[in-house]
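Engineer: Keeping the supplied structure of chain A fixed, place chains B and C upon it in accordance with the hints.
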Amino acid sequence: MAKYIFKRIINAIPLLILITMLCFALISLAPYDAVDAMTTPKMSPELIEMIRQKYGYDQPVYIRYFKWLDGLIGGNFGYSIVNKTSIYNDLASRIPNTIRLVLPSYITAYILAIILGLIAGANKGKAVDKIIDSFASVSLAVPTFWIAMILIYIFGYKLRILPILGMHTVGNSSLIDYFRHFVLPYVVLTFGFLPGNIRYVRASTITEYSEDYVMVQKAFGASKAEILFSHVCKNALLPIITKIGMALPALVTGAVITESVFGWPGVGPYFVRAVQGMDYPVIMVILVLSSTLVIVGNLISDILYCVVDPRIRRGA
Amino acid sequence: MEKLLEIKNMSVSFEKDKKTTKIVRNINLSVNRGEILAIVGESGSGKSVTVKSLMSLLPEYAHVEADGVYFDGRDIMEMSPADKRKIYGKDISMIFQDPMTALNPLKKIGSHLIEVIKRHQKISTREAKILAVKMLQEVGIAAPEERMKQYPHEFSGGMRQRVLIAMALCSHPKLLIADEPTTALDVTIQAQILKLLKTLHKKEDMDIILITHDLGVVASVADRIAVMYGGRIMEQGTKEEILYDPKHPYTKALLKAIPKSDTARGTKLEAIAGSIPSFADLGEGCPFADRCEHASVRCKNANIGRNIFSETHSSSCVLKEIEKIEQGA
Amino acid sequence: MNYKKQLSRKKRDKIFELLLKDKASLISVIFLLALILVSVAAPFLPLDGSKTDILHMLESPSSVHWFGTDEVGRDYFARTINGGRISLTVGILAMLMSTVIGITVGMLAGFSGGIVDGVLMRIVDVIQSIPWLVLVTVISIFFKKGLLSIIVVIGFFSWMEIARLVRAEVLSLREREYIQYASFAGVKSFIIIVKHLIPAVMPTIIVSASSGIADAIMTESALSFLGIGIQEPLSSWGKLLQTAQSNLQNALYMAMIPGVLIILTIFAFNKIGNVLRVYWEPRVSEV
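Residue numbers (our numbering), protein chains in the order written: chain A, 1487 to 1802; chain B, 897 to 1225; chain C, 5 to 291.
Please keep in mind that the hints were generated in silico from the structure rather than gathered at the bench.
Each hint should be verified, as a subset may be incorrect.
[Said to hold, decoys possible] With a straight-line cut-off of 30 Å between C-alpha atoms, the simulated DSSO-like cross-links for lysine-lysine are:
#1 C/LYS27 <-> B/LYS912
#2 B/LYS1030 <-> B/LYS1094
#3 B/LYS915 <-> B/LYS982
#4 B/LYS1070 <-> A/LYS1612
Here chain A stands alone, though its shape is the one from the complex:
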């Protein structure tokens, strides 16, 4: 197993390097660069050249790449062109906000999806399955921002019981105030994560039920509950472990739309603003960061899988 994990880590490294290269290439190819963004047409060519030199844009691409990479590894993410702030500081204050929103939503959606998916899968074709499956297929078609708007309308405008913007009311930092702000985006995000996961658990459960060993267990007098809890449950949920690692990147970019709708001060609005303002350094960092998290997440999933599944652990 150690050998497999080692091999897996070794495999992930070139992928990471390729990602940084791709990101850097994207930025170098962009129709404007950071210098264009900093200068105005009124500036003299000498001044522009000075700025160019100051930020190292006069050097060849590969040197710039290595400098940039070196900066990334050292935690020096550069500065936003638009508001000149340190990207590292910006992200350090925003990522925790995103995690505070995404993590509870993801966990809730996960637990609900496992329960509903198992119920549906175990009762395949019956009324309860049809209800759960229809709920999942309909919600899969619902844009999260639309649900957000409808909830804002109901709870914010009509009933006027919940705030619709931000994380705190100005001047009020009580926990209750936080939760009142938290509730709507949390519900929307949970709803967004839910249908895909329900279908996944359901399909996985149904596949498990069609396995021979379930029939064998019936022939040995196992009750429905014994089959579900002692056999199907564990086997059906095993592939879902894969999804835990995949949730890692969601902690940073999993709520871009929802955060934007609710003005939640996380990575989402920051990223959208950067894209709208062509704030390249910011976009770059988020691109690399989120891709890295995808790769690391996949790595974690594979390792978890390998720990849990005896067929891989003991080398089938």
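Structural biologist: Just chains B and C now, with coordinates in the frame of chain A:
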């Protein structure tokens, strides 16, 4: 002779998309105490469906009707699901065709056994463990203590079938149903498993229903044989009666189609003309009629009588005296 | 030939039976047909979604304006129909684009194997490692804002899954005897691909294409909603929702109408995709 299992006039039909298809028609079958009964038939003859209906393993769209299925004096058809579960895996056990998929890949061999033991016997986990090791030993698995801790993928096909047999034997069942237990195994392993079944039959005083399409398997272990085709029992009798004195044209055709050690070099084996009909195409008459060389209009009739040749030997065919006809021809 | 024809007719009947048997898929088919019909006919209908009317701003649905009017008094029914045209166009064209790229890459990788396969699949790995919304958003910077670029951006970065599926299928097909025989008999690779491989992977492609349209429509609406998709004067359902957000308090219908239409459209495409999947892989229906 005392009967352990008696199936009286059982039919099974599948209902799908509002179409009803009869799979098994009016079967009468029994297992006497102390015997191995073989049900022989090609794939699609309904033999597996017959035994799965005994074990309540058919899908929900299957309907089973019978005048009674008596096991050890009790009618299984009248039992509640909970009561049935109490005898499945305890008094009646079943082993299956494909040992590779019959075990839960994420469960250790030991917990498979312990689970079944504790389900039917009120004993502690420690005692169950001791019993499990003993059972593994009995079915010929070396180093059972270590094997208990292993997962199914660490076992070969033959070894897994042994594990399943051990699981089936834990509670000393009165009846073991073996559904093509050797089909998925290598030839050398097949012989070992059959030998094991035969030994256990004697030692454990356990009756066996052996389902197979392989007449070679039948010849080596069975006491009595029932030949199935198109969802009906065409002929049944003792091993000697069926193999050496077959009465039904289908049985005869089947026997002619297998090579024997004394088949002279150059003799052609006779294949049965035509192919197996699908259940949806079968009417009330004899299912073999379309492929039978003796078929006549009468074969399509609804009622095909049962011909009794001896206390043990019977067939269902309109021709009582085929041999005479054959000799005359 | 005759037999083949019969077979294909039988298959066609079966697919209709599957589509019409279930109420939800029947409604999906009818809804999509109506939607496509209206979208195609829209330019010929007396619909003017550009005429502003300051006297009748944010009016609720009435007999004059079936879907009401928007914040500058434009007829919301006409805007919705035109928005639907754009959404549907983006969905279909982006799907076509991603499907063509996906098939090409998948075929190439699966059929050539070796280094070509390794390189192509690595590229797929890399692109798939970037969270999709982030990737599409970043790429959209490179293009001038407009209908064509949104199609290209979505289409150009959603082919990876199809490529993977096609490659996997081609890899297994290559081992089949009839393909091996064809290449042994000296049939040119190109002919093998066109005559044998493409027809064989068609079911996979059609199924993923159906849900591909749904995904593309969803992405377009999200991008437009965030203000980085379709730009004025064009509108799509997502764009309409963006505008609706600022008038939410007074004009809920502006959010309800395009929202419900998006849901219905995406649901319908997904549903049909599922029916097709069941049709080609009957085992799925058993499950």
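Engineer: Decide, hint by hint, whether the structure agrees.
Structural biologist: Here is what the structure says about each hint:
{"no.": "1", "hint": "C/LYS27 <-> B/LYS912", "verdict": "holds, 19 Å"}
{"no.": "2", "hint": "B/LYS1030 <-> B/LYS1094", "verdict": "holds, 19 Å"}
{"no.": "3", "hint": "B/LYS915 <-> B/LYS982", "verdict": "violated, 34 Å"}
{"no.": "4", "hint": "B/LYS1070 <-> A/LYS1612", "verdict": "violated, 36 Å"}
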